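Chain by chain, the residues:
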Amino acid sequence: MSSIACVHAPDIALQAVLRGLADVGERAGPCALAAGAGGRAPVLAVTAAAASVRPGMTVAQALAALPSLRVVTAGQPDVDAAAAALADLGLGFAPRVDTEPERVFFQAGDLGQLYPDLSAVAHAVRARAARLGLEVRVGIATSKGLARIACRTAEVAIVPPAPAAARAFLAPLPLAMLAPGPEISEALARWGLRTVGELASLRPEDVAVRMGAAGARLVRLARAQDDEAFLPQAPADAVEEGTELDYALDSLDPLVFVLRGLIDRALARLACRGLACAGLSLRLTVEPHSFEIREVPLQSPTREAGILLQLVRLALSRHAPSAPVTGMTILVFPARVRATQVDMFRPNGPAPDRLAATLARLSALVGPEHVGTPRVADTWREEVTALALPSLGAGEMHTVRGSSSDVGALAMRRFRPPQEVEVLMERNGPSAFRGKETVARILIAAGPYRISGEWWTGKAFHREYWDVHASDGAVYRMHQDGEKWFLDGYYD
Amino acid sequence: MAAATLLDLLPAALSVHLIPARRLEEKGGDKRGVVATALPRLDAFLGGGWPRGVVSELAGPRSSGKTSILYASLAGALKSGGAAALVDAEQAFDARLAARAGVPLARLLWVHAPGTHALRAAELLIDAGGFDLVAVDIGDKSPRLPDAAWVRLRHGAERQRTVALVVAASPLVHSFASVAVILSRQGVDFGERQDSRRSVLVCSAAPPLLTGLRSNVVLGRGRTPADGADHCSIEFSVMARLSDNDEAPPDGTRPQSRRK
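So the sequences go chain by chain: W and Y.
The numbering used here puts the first residue of the first sequence at 92, with every later residue one more than the last.
The numbering used here puts the first residue of the second sequence at 107, with every later residue one more than the last.
In case anyone wonders, no lab produced these hints; they're calculated from the structure.
Small disclaimer: the values here were computed from a predicted structure and weren't measured.
There's no promise every hint is true.
To be verified - Here are some chain Y residues pointing at chain W (derived, C-beta under 8 Å):
#, residue
1, Arg147
2, Val257
3, Arg258
4, Arg260
5, Ile288
6, Gly293
7, Leu316
Claimed, not checked - Sample of chain Y residues at the chain W side, in silico, Cβ under 7 Å:
#, residue
8, Lys172
9, Asp253
10, Leu315
11, Asn322
12, Val324
13, Leu325
We put the beta carbon where it would ideally sit given N, CA and C, even for glycine.
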């Protein structure tokens, strides 16, 4: 029999605000969520520490009852991020989840191999939710509706799978646990019904005559006969976290400070699903009403917030926001950390996760465009070297055939870009050159080697190359392109 | 049955691979303690290759062969299935010639880290573990590098059993390096130019052709080679030669029409 878990995060808007406060190291204390600014705005939710304040009071009344009360309002990005975090919590336990406001449902019956019983699953869900900054209640039952009712009864509640036992579980509960509408609730009170068991003793068809389909469904639910469909859905491609700022920021350090919290939260959500960050997109809301996007590519997936933060800092310092920032949203692209099969007979090479972290650190140090695997570019221009994504996993290693000889292959050190020089030409070729760093007579000149090409791309070139032995003892390669001469490098 | 008789019974092709136990030491040595290069003569001079767990230095002026030895070292480390990384301070790496020297580019990690970032990048790579060789090509413009950076590099190499190879125009590492190989120019070889397409000499008065260069290798620091030689000579020849192209795209696809 299948088991559906319902995870309920009550007052998720208030929890979203508290998550944000925890990110910046603030202790919330007694806190109330108001619907808006001003003393007449109603209080929507309060924390446990503010027991003397009740939802429905105005802010002025609440402050009169508890002067130390902190009144907050929730921004939509915070609420959306908290809701997405709740969905990710479910995705940490199942590949697909069914969501509704403040709740997430997932199939818990398959987790028996990992946890001793369903109660252990429920406690694991609560522990993981705490790491995401959420306080949740967990109910597990054979159907979605019953799991939702179980959530209302206690912080952790398991409805027995047998129909009779489930009915016995529900029987003593007050009718409010079924969350009937106000009209049905009033009618049931008029009939003198107080508990779910009393409602379950009625025949559904008789109730349907008086209350319609909603009443009949309520009776079936009271009899533990739930027919609500469980419709799980695949997760979103990217994880989004965002916040709105109380006042605009125009310098890098406070911006990065706020971003740290967002990145931590996004990585915690990815960690729930066993994923790492493969890239990051930062959307900044700048004054007065416009957006700026910064893409932060990664060479390989990472789970280290410090590395991501360094890369974001690098991206922001290279292209600073054009105006003060009033809000920000990060979109983190998930990826699995590559697992590789270790070969028994060959060197292991770097561990994939450590290599990924190292590549990310190197990217943060020198920029992602300066880290990679070199490859020969498809061009006749010799100075061009392309970079590809590194792939040094142990599984991809193979023994390379290479010849060992007493005579080595002569290499060249490139000047990038080629150094422009003045050249003195004689009848047989260049006889001396002068550049910013090197001045030398040419003892022997071998050439010219004429190379031209890329007329098919519209960037045609025509060059004459020379290998020259200069008076400083070095052997240079130089070329003439049009009227100009360049030193490409030296043989070494 | 005597061991000698058993050995005689084995097929000749197999028996050549059998090494008597008493000869194991003289035959193999400690191969795990070194990373061989693709230059047997240099390996013999260094006692098998670059020693693991220490900082080694390779210094020489322009055209002394240090870059060729660097590529041969990378090729040697990668040839056996190991991992190697090159930290290039001056972006002087030539992928085309490195591939000709036997470096499997797809498995080489290349980091362009200018100035003092080069040693920091090398530290990060060594700390990642699993690299047989991490080479730092400082280049011609040797920046002032703090001693602490060399100490960290040496400790990292020792901890991870990695070869940390520093390549520079002049000795930089000093006493922090356990092995220092100093190169000097011995000669440059020019031959006569030959038309590769017709395989005939163009004429005796044709312009010369660079064929290679020779380097003198001296051990500035480290264990003296077993044969007692204090220097050796290594020859490098041009593998990738420039030749007049015929304006075809490099991938070999010939365009339909040629623009004048």
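Going through the hints against the structure:
1. Arg147: Cβ of arginine 147/Y sits 5 Å from chain W, so the hint holds.
2. Val257: Not OK, violated: valine 257/Y not within 8 Å of chain W, min 20 Å.
3. Arg258: Since the shortest Cβ distance to chain W is 15 Å, the answer is violated.
4. Arg260: Since the shortest Cβ distance to chain W is 19 Å, the answer is violated.
5. Ile288: 14 Å, violated
6. Gly293: With a minimum Cβ separation of about 10 Å from chain W (threshold 8 Å), the hint on glycine 293/Y is violated.
7. Leu316: Because about 4 Å separates leucine 316/Y from the closest Cβ in chain W, which is inside the 8 Å limit, the hint holds.
8. Lys172: Constraint on lysine 172/Y satisfied, holds at 6 Å.
9. Asp253: This hint is violated: aspartate 253/Y lies away from chain W, its Cβ roughly 21 Å from the closest one there, beyond 7 Å.
10. Leu315: With a minimum Cβ separation of about 5 Å from chain W (threshold 7 Å), the hint on leucine 315/Y holds.
11. Asn322: 13 Å, violated
12. Val324: 17 Å, violated
13. Leu325: 18 Å, violated
Violated hints, in rising order: 2, 3, 4, 5, 6, 9, 11, 12 and 13; the structure is consistent with all others.
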